[in-house]
Amino acid sequence: MASSSWTPDQPIVALTDVHKSFGDLEVLKGVSLSVMKGEVICIIGPSGSGKSTLIRCINALNDIQSGSITVEGLEVHDPDLDKLALRKKVGMVFQQYNLFPHKTALQNIMMAPIKVLKEPADQVRERARALLKKVRLEGKEDAYPGELSGGQQQRVAIARALAMTPDVMLFDEVTAALDPETVKEVLVTIKDLAADGMTCILVTHEMGFAREVADHIYFTDRGVIVEHGPPDTFFKEAKDPRTKEFLSQIL
Amino acid sequence: MRRDPISTRRPPPLEGATDLPVMKPFHLPHGGRGAADLWVGAATDRRLGLALGLTLLCWVLIDSAHAQVQADADQTVFQTLVKWTPLMLFGPEGEFGGFTLNILVSFLAMAIGTFLGLWLGIGQVSPIPWLRRVSWLVTQVFRNSPWLVLLFYVMLLIPFQVEIFGEDYDIPGWTKATFALSLPIMANVSEIVRGAIASIPTGQWESAESLAFSRRQTLWSIILPQCVKRMLPPWMNWYCILTMSTPLMSILGVNDGMTLTQNALAAEGRSEFLIPLYLWLMSWFFLYSYPIAVYTRRLERRFVVKQ
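Taken in order, these protein sequences are the chains called A and B.
Under our numbering, the first residue of the first sequence is numbered 1, with each subsequent residue one higher.
Under our numbering, the first residue of the second sequence is numbered 1001, with each subsequent residue one higher.
Take these hints with a grain of salt, some might be off.
[To be verified] A few chain B residues that face chain A, going by a derived Cβ cut-off under 8 Å, partial list only:
1. Q1204
2. E1206
3. E1209
4. A1212
If you're looking for bench data, these hints aren't it; they were derived computationally from the structure.
No residue lacks a Cβ here, since even glycine has one placed at the ideal position from N, Cα and C.
Start from the sequences, fold in the hints, and give me the full structure.
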């Protein structure tokens, strides 16, 4: 494995000609993209275009059939990949929050660093409290997920992923299951994170948000990247008819 | 070509729906879900229990009065019940047995069955194909065998005596019965565990996976703790069934409550005591199990409402 060869001037995440099928259904038909450290990229596109699959391939939740994916020089497509090493580098937040319902907010955040990284509990507790503060949930330490709103749960989920001190964060439609009024608090949290220099890859339907925070936007349709570019040019000067149609429906 | 990690690392898709009563949609008699309806449900429980208890008591009274007329004047049915109660409860002097042995066997068989069943259930969702298949087979064999046949089998299979370092040790019948009764419990607990694990949303596995938890860590610290609540009502249900089945060992000559009741009857040699004595024994089982059954139903209801 070539993890030592990665330097910050190379893409932190790079996908080259990635193909992925579920049985006979080809979901990704040769996707390539690259992300530099500290960049924020948004992946947009119609439902079923393979956005979520794409992002899940990056931390090996889904396996790929051909092509290559590297994260900080780790070859994700390698069958002998050390998945735990990869997942220590990559944090992920899901649409359905997926908090552990039998643990409090603080315990949710502390669990992985203690059990996986074997860090001392006192040290982790301090960091977890700081993270809760960062996602503006001070005082909710002892609340169980069932006692929190969707937006609050999602922010705990973000803090939980951050507790592993990842280098890259993946967000898979994290606001899609939320009430409109709680969407904003989650987006603000992600914006803060981006401002701090965290490398973020987002799958989102929030066009205004994508325009505001993204350094680069990728538009996917039917398993391929149709068009990509910086937000200003992407939203104003889309060339491909598929992009134009999608944008006209959504904006 | 590589296989998808989801399909290889997560428990395989499981055939058939879960048979956990707790997971089935629950409708209260009045179709409502409020606290008032719950209270009505609990009250129904209480009324039912009272009715059953009273029926039992009346039966004993009427029957004993009837028997008293027929019996010789020197011994009433009540005197007979009192006379045999110590034997039926605790066994003959200097020897452990009776109804308390039934309870002891139920405890031990449940403990052994739960321990073995937990591992078997985890085996059923193992990513290792052969382990999964063997666990499934063992579960199905013991789940679908009559308990009495299992009892006979174990009794015949395990020797009556063993020789350790030149000394002969007796293996008491009740320990063999305990082991035999723990087998169907093991199989049913295995199914409860499998069903509970399958009922946890896959998102829990995925988020644990993305936090770099290993499969084992995910299972023990994230999935199984969430299963406990779902497993408790069916588990308690099986405990009741097991307790009711412990008199089966009387067929194999163990001095349990049933055998000793038969002995008492044989000693009295009068058929008019037959019904009162068996009713007496039955009422003990009822008084022991009914509260557990009520509590189980309450737990089920609570968990259904919460979900």
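*Holds or violated: B:E1209 as interface residue toward chain A, Cβ cutoff 8 Å?*
holds, 6 Å
_Just to be careful: measuring from the Cβ of B:A1212 to every Cβ in chain A, is the smallest value less than 8 Å?_
Hint holds; B:A1212 Cβ to chain A Cβ min 4 Å, cut 8 Å.
*Mind checking the CB of B:E1206 against every CB in chain A and telling me if the closest is under 8 Å?*
With a closest approach of 6 Å, the B:E1206 hint holds.
*Given B:Q1204 was flagged as interface, is its beta-carbon under 8 Å from a beta-carbon of chain A?*
holds, 6 Å
Checked against the numbered hints listed earlier, the structure breaks none of them; every hint is satisfied.
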